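J.: In the order they appear, the protein sequences are chains A and B.
Heads up, the first sequence is in the numbering used here, so the first residue is 1 and it goes up one at a time.
Heads up, the second sequence is in the numbering used here, so the first residue is 1 and it goes up one at a time.
One or more of the hints may lead you astray.
What the hints assert, rightly or not - With a straight-line cut-off of 27 Å between C-alpha atoms, the simulated DSS-like cross-links for lysine-lysine are:
| # | chain 1 | residue 1 | chain 2 | residue 2 |
| --- | --- | --- | --- | --- |
| 1 | B | 41 | A | 20 |
| 2 | B | 68 | B | 3 |
| 3 | A | 41 | B | 68 |
| 4 | A | 64 | B | 68 |
| 5 | A | 14 | B | 40 |
| 6 | A | 55 | A | 66 |
| 7 | A | 64 | A | 20 |
| 8 | B | 41 | A | 14 |
| 9 | B | 67 | B | 56 |
| 10 | A | 14 | A | 41 |
| 11 | B | 56 | A | 66 |
| 12 | A | 64 | B | 41 |
Hints listed in this document are in silico derivations from the structure and should not be mistaken for laboratory results.
Keep in mind the model is a prediction, meaning the values are calculated, not measured.
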Amino acid sequence: GAVVSQHPSWVICKSGTSVKIECRSLDFQATTMFWYRQFPKQSLMLMATSNEGSKATYEQGVEKDKFLINHASLTLSTLTVTSAHPEDSSFYICRLTGTSDEQYFGPGTRLTVT
Amino acid sequence: EDKVVQSPLSLVVHEGDTVTLNCSYEVTNFRSLLWYKQEKKAPTFLFMLTSSGIEKKSGRLSSILDKKELFSILNITATQTGDSAVYLCAVLIQGAQKLVFGQGTRLTINP
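With the rest of the complex left out, here is chain A (with noise of 0.2 Å):
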């Protein structure tokens, strides 16, 4: 299988500070990745999917100017939480797609936000 990782692993931010976690592929050109966050407990919920080179589709209720999605190339995004608050604090995962069935999750970056 290919080899995902998301950096950082874990940060912890301030209130109101921006954080960008990159998704990159060392082996498998992505040409869709799709941006889960996962709460406490709860469930992956999609964010957001982008394209390379489009721009991304935000998911109902995610709001696309605070969550910045760049997907400049097949083997790396970046998600960017501006003006981060507690209540961003979460598990964001990457999963990637490419033009055949195979895709693969990122280890995920857990995010605190103080």
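With chain A's structure known, arrange chain B on it following the hints.
T.: Same frame as chain A, but now just chain B:
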């Protein structure tokens, strides 16, 4: 709206017991149903089911899909403490490649 519902939400059993986890769905453009195990980090893949009635098996775990009744079950026999985890069911949407997750079943195996 696409919906995936799992039951029970939580289950506590003794080591050695057999458990059955349920997943029902209501989605447009169904492609496949997937089961994942999640411990502390990202989900790990267990099964992908596309055809009805064909059981998939991996060791003590097995799963089957019923596309007429729109549900799937995941069975774990001779459970071990290492099976304790959250089990997630997800439906893959045709075309969009979107995965819609159920709420998960938190399984606890006591020694």
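J.: Each of the hints needs a verdict: does it hold here or not?
T.: Hint by hint, here is what the structure shows:
Restraint check: the Cα-Cα separation between residue 41/B and residue 20/A comes to about 19 Å, which is no more than 27 Å; the hinted pair holds. For the proposed pair residue 68/B and residue 3/B, the alpha carbon gap of about 16 Å is at most 27 Å, so the pair holds. At roughly 31 Å between alpha-carbon atoms, residue 41/A and residue 68/B are farther apart than 27 Å, so this suggested pair is violated. Among the hinted pairs, residue 64/A with residue 68/B is inconsistent with the structure: their alpha-carbon atoms are about 38 Å apart, more than 27 Å.
For the suggested pair residue 14/A and residue 40/B, the alpha carbons sit about 24 Å apart, so the restraint of at most 27 Å is met. Between residue 55/A and residue 66/A the CA atoms are separated by roughly 14 Å; this keeps the pair inside 27 Å, and the hint holds. Using a Cα cut-off of 27 Å, the hinted pair residue 64/A and residue 20/A holds, with the two alpha carbons roughly 14 Å apart. Between residue 41/B and residue 14/A, the direct Cα distance comes to roughly 23 Å. Compliance with the 27 Å bound is thereby established for this hinted pair.
Taken as a hint, the residue 67/B and residue 56/B pair is honoured in the structure, with Cα atoms around 15 Å apart against an allowance of 27 Å. For a cut-off of 27 Å, the pair hint linking residue 14/A to residue 41/A stands: about 23 Å separates their Cα positions. At roughly 42 Å between alpha-carbon atoms, residue 56/B and residue 66/A are farther apart than 27 Å, so this suggested pair is violated. Our distance criterion of 27 Å between C-alpha atoms is met by residue 64/A and residue 41/B, whose separation comes to about 26 Å.
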